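Q: Here are the chains, one letter per residue:
Protein chains: 2
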Amino acid sequence: MDDATERRGRRGGGGAVRRAERTAVRTEFSRFITRNIPNLEILNDEAMEIIEANADTVLEEIGVNFVENPEALRLWKEAGADVTGERVRIPKGLARELCKTAPRTFTQHARNAERNVEIGGRNLVLAPVYGPPFVRDQAGGRRYATIADFRNFVKLGQMSKWVHHSGGTVCEPTDVAVNKRHLDMLHAHMTLSDKPYMGSVTDPSRAADSVEMSKILFGDDFVDQNTVMTSLININSPLTFDGIMMGALEVYARANQACIVSPFIVGGAMAPVSVAGTLTQVLAEVMAGVAYSQLIRKGAPVIFGAFVTSIDMNSGAPTFGTPEAAQITLGAGQLARRMGLPYRSAGSFCGSKLPDAQAAYETANTLNIGLLAGVNFMLHACGWLEGGLVSSYEKYVMDADQLGILHQMARGIDMSENGQAMDALREVGPGGHYLGSAHTQANFKDAFWRTGIFDYKPFETWFEEGARDTATLAAVKVERMLGEYQAPALDPGRAEALADYVAQKKAAVADAFM
Amino acid sequence: MDDATERRGRRGGGGAVRRAERTAVRTEFSRFITRNIPNLEILNDEAMEIIEANADTVLEEIGVNFVENPEALRLWKEAGADVTGERVRIPKGLARELCKTAPRTFTQHARNAERNVEIGGRNLVLAPVYGPPFVRDQAGGRRYATIADFRNFVKLGQMSKWVHHSGGTVCEPTDVAVNKRHLDMLHAHMTLSDKPYMGSVTDPSRAADSVEMSKILFGDDFVDQNTVMTSLININSPLTFDGIMMGALEVYARANQACIVSPFIVGGAMAPVSVAGTLTQVLAEVMAGVAYSQLIRKGAPVIFGAFVTSIDMNSGAPTFGTPEAAQITLGAGQLARRMGLPYRSAGSFCGSKLPDAQAAYETANTLNIGLLAGVNFMLHACGWLEGGLVSSYEKYVMDADQLGILHQMARGIDMSENGQAMDALREVGPGGHYLGSAHTQANFKDAFWRTGIFDYKPFETWFEEGARDTATLAAVKVERMLGEYQAPALDPGRAEALADYVAQKKAAVADAFM
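First to last, the sequence lines map onto chains A and B.
Add 239 to a position in the first sequence, counting from 1, and you land on the number used in this note's numbering.
Add 239 to a position in the second sequence, counting from 1, and you land on the number used in this note's numbering.
In short, the hints are calculated from the structure, not lab data.
Remember, predicted model here, so these are calculated numbers, not experimental data.
Be aware that a few hints might be false.
Chain copies aren't distinguished; within one or between two, either way the pair holds.
[Said to hold, decoys possible] Calculated cross-link-like contacts (lysine to any residue; reagent style SDA-like; alpha-carbon spacing at most 25 Å):
#1 745 to 267
#2 696 to 740
#3 716 to 301
#4 744 to 275
#5 684 to 551
#6 696 to 330
#7 400 to 330
#8 400 to 459
#9 696 to 553
#10 716 to 577
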């Protein structure tokens with residue numbers, strides 16, 4: 240019985256919901272992570288103070304550009320900034336002061352209240368890959384993504400125990416018109432998943448559609464009073480805020496919906512070729528963006544974002560899982576915590592074209608650091624391939640399996656009497672073994688994290704079964720998950736209203752493909 | 240000009256050494272890591288005190304077995320332990336007190352003094368895989384290892400920039416008699432590499448051979464006065480010290496050579512199925528072993544070891560890269576530091592049969608934690624495959640590439656004026672890019688860690704070049720490295736003396752294969 244769904248009832252009755260829920264298969268899911276282990280702090284206080292002072296200097300002396308956005312310039316001027324053309328120079332301390340009205344933590348509601356997530360504090364919410372125009376699977380290779388792929392990835396998210404969030408553009412459905420695909424994407428998240436989701440940001444009107452559709456799903460009042468979307472607002476680094484992205488932010492902030500304000504940085508190209516320099520720029524950009532969100536609406540929920548990778552100075556290609564990216568991820572987390580803002584960074588980043596060893600090293604390097612950096616919202620936590628050009632079916636489930644490790648790591652060490660296991664030590668003694676001990680029997684089921692993909696069979700068995708590599712095992716799992724998928728119950732009245740909204744909106748304008 | 244080699248001159252003159260060195264190709268190598276970042280501490284003081292008290296209780300109430308070793312029993316009795324049969328019960332506090340004479344840090348000398356390593360403190364020394372009876376490469380698949388493979392792995396170690404140590408049994412040369420292979424292994428390390436190495440531990444007589452051969456290589460006096468070997472002494476967990484391993488430890492400790500005293504634990508089988516319980520056992524075992532080394536010779540260099548993996552409770556197979564292993568690695572590091580002992584743990588652990596994504600996830604999870612756990616000596620840092628049954632050529636070079644990341648991570652964040660890069664930020668400004676900036680030009684060469692294997696080429700180029708996965712790219716690198724390998728210069732007199740020693744020892748007894 241889902242109280243939250245009941246409470247939200249506007250279209251359709253609770254009875255239908257209850258009946259539908261009873262017949263649905265309940266998929267395994269895990270609550271978001273709450274860390275019981277410390278963060279790794281690699282900047283000392285002096286270093287943080289230097290970076291903060293430098294970021295203030297950047298904002299005051301260099302400033303940021305708000306492009307094609309006269310209203311933003313007006314608001315900044317009113318707030319006390321020095322505005323010349325599109326350049327906004329922000330006096331020292333002002334941006335930080337404006338940021339103070341942003342909440343330290345907020346709840347993003349899902350249509351199934353059990354899937355609500357708490358963003359901020361010691362929590363970590365995991366969301367899938369975002370943005371790739373291509374997909375890859377073992378059978379079909381690399382190809383342009385379609386809405387069918389999109390729906391598959393939403394289904395995988397719904398079926399993945401350790402993935403807390405349905406995400407946003409899990410791949411670009413390139414077979415749907417650019418000006419209409421956000422409708423199909425939102426519809427897929429709302430109907431195929433009952434986890435929280437992200438709104439469209441590619442145009443302010445699409446952000447408005449996201450809010451409208453959310454009102455159909457949750458009810459008008461509920462959306463007015465609660466945050467039901469977290470959307471990704473990228474900054475055009477260095478130091479530039481474009482009118483379209485800011486337009487989407489304005490829609491969301493006014494509607495009290497959450498935005499990630501996120502520099503998008505390939506270090507060496509869009510930021511200085513040094514960690515401290517990049518951190519300075521990240522902080523300056525986030526402070527300007529978050530401050531702007533608070534100029535739009537004080538208290539609007541917002542996340543300190545940092546998408547950072549470095550560049551291969553030979554080829555110009557972005558690289559992933561590098562130590563410089565790790566240091567920036569750790570350092571930016573410290574800066575975010577000092578601002579009292581939720582923090583978004585890390586993900587299943589990799590540059591490899593295949594879900595192979597390169598992909599896995601790069602991804603594991605990043606996921607581990609993401610946990611230790613105190614990340615609160617990890618977009619791209621599974622499924623990313625080839626520098627973000629590709630959503631990989633196999634890598635999605637491989638990464639999603641690894642996310643279980645983050646959950647178990649974050650729990651910390653059980654120091655209870657049972658955890659201390661002195662009885663087991665006494666029972667077994669020198670030269671014995673623990674497999675049959677009472678303590679082992681009582682605890683083995685939950686004691687250790689267990690993979691759902693990796694192969695630990697004896698060599699001979701593995702060989703007889705085809706000597707399959709991880710990607711091949713993952714392909715089997717993808718097929719099984721999509722085969723077993725069942726849609727979460729949705730009130731038929733709301734489902735119909737959502738479908739109507741999408742149909743009407745699509746019929747109202749011609750297709751655009753640019 | 241190598242002062243250390245000169246100084247050690249006993250057989251052969253310095254002139255020959257100098258001439259040989261001038262003609263040798265100098266391979267790239269990196270100094271061992273000295274951390275400039277904090278360790279990750281997941282146990283609080285109270286938790287550590289509980290574990291320490293529990294370990295004391297284990298030693299006093301349960302005790303440990305010293306098997307087939309009457310001399311050890313005599314020494315323990317003399318030291319104040321309660322000895323009944325082979326069981327040694329150690330009064331609370333005694334083991335810890337005895338451990339205090341072990342050095343906090345020591346230098347292990349290499350025949351090339353530039354390759355000396357400092358073990359302990361904030362340092363991290365990386366050594367390759369140890370022990371597998373099989374090798375695998377892409378061309379030949381999985382097969383029993385031979386002495387030819389062994390030599391190849393020593394050559395790869397010599398050629399690998401980020402590998403500081405030549406290691407020990409980089410694979411088991413199964414084509415050489417069990418009672419003679421240590422001679423060929425040591426000879427390979429001593430002649431094909433100029434990095435530090437490990438001694439034989441499979442029999443006290445083989446440990447003695449290791450000391451004798453080291454005296455030929457370094458000179459008698461030098462070995463008497465310096466540590467030139469670090470050898471691996473496993474404890475038969477739970478709580479059992481066998482006579483052969485302890486016999487080897489005795490030889491080394493008396494000769495002032497270093498030993499790693501290392502529980503070998505598959506959690507759930509050889510230790511309780513809980514992290515705190517396993518840490519308690521690890522600490523009790525290490526305290527007993529290290530204390531014993533100090534009974535043999537006060538001040539003998541010794542390392543707090545922890546080889547820990549967990550068990551798949553379904554199949555009974557050991558698993559790798561798990562969160563439980565990570566927690567134990569982190570916790571044991573804290574316990575080692577409280578004892579003031581150098582710490583050995585982590586490595587390129589994986590259960591996968593192939594150098595694929597599973598292998599890489601598992602390995603990266605472990606390497607990252609190893610760095611953050613304050614490990615001082617990381618055995619198995621590259622090349623481990625299939626739960627330690629296989630030394631993988633391709634994975635060796637893949638892992639060795641990743642070790643560069645640990646070096647760069649450990650450097651911490653450069654907060655110099657150049658690192659802060661305010662000039663670059665001022666020069667570029669909003670909407671610009673940094674590729675051509677003066678700061679980028681001055682810094683790009685050393686700014687970012689760079690892989691020697693991974694592919695970051697555009698998709699089309701990669702596809703035209705054969706769409707190679709990481710293992711295939713690694714196979715190419717292995718071939719190139721072995722092709723380019725050149726032996727480091729060795730004084731001809733010593734080379735001859737070493738060959739003579741091996742030949743005489745081999746001729747003296749019949750082959751044994753058990």
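Q: Confirm or reject each hint.
A: Status of the hints after comparison with the structure:
| no. | hint | result |
| --- | --- | --- |
| 1 | 745 to 267 | neither (35 Å within a copy, 62 Å between copies) |
| 2 | 696 to 740 | neither (51 Å within a copy, 44 Å between copies) |
| 3 | 716 to 301 | neither (52 Å within a copy, 46 Å between copies) |
| 4 | 744 to 275 | neither (46 Å within a copy, 57 Å between copies) |
| 5 | 684 to 551 | between (45 Å within a copy, 10 Å between copies) |
| 6 | 696 to 330 | neither (63 Å within a copy, 43 Å between copies) |
| 7 | 400 to 330 | neither (47 Å within a copy, 48 Å between copies) |
| 8 | 400 to 459 | neither (30 Å within a copy, 62 Å between copies) |
| 9 | 696 to 553 | between (42 Å within a copy, 10 Å between copies) |
| 10 | 716 to 577 | neither (42 Å within a copy, 45 Å between copies) |
Hints 1, 2, 3, 4, 6, 7, 8 and 10 from the list above are not met by this structure, while the remaining hints are.
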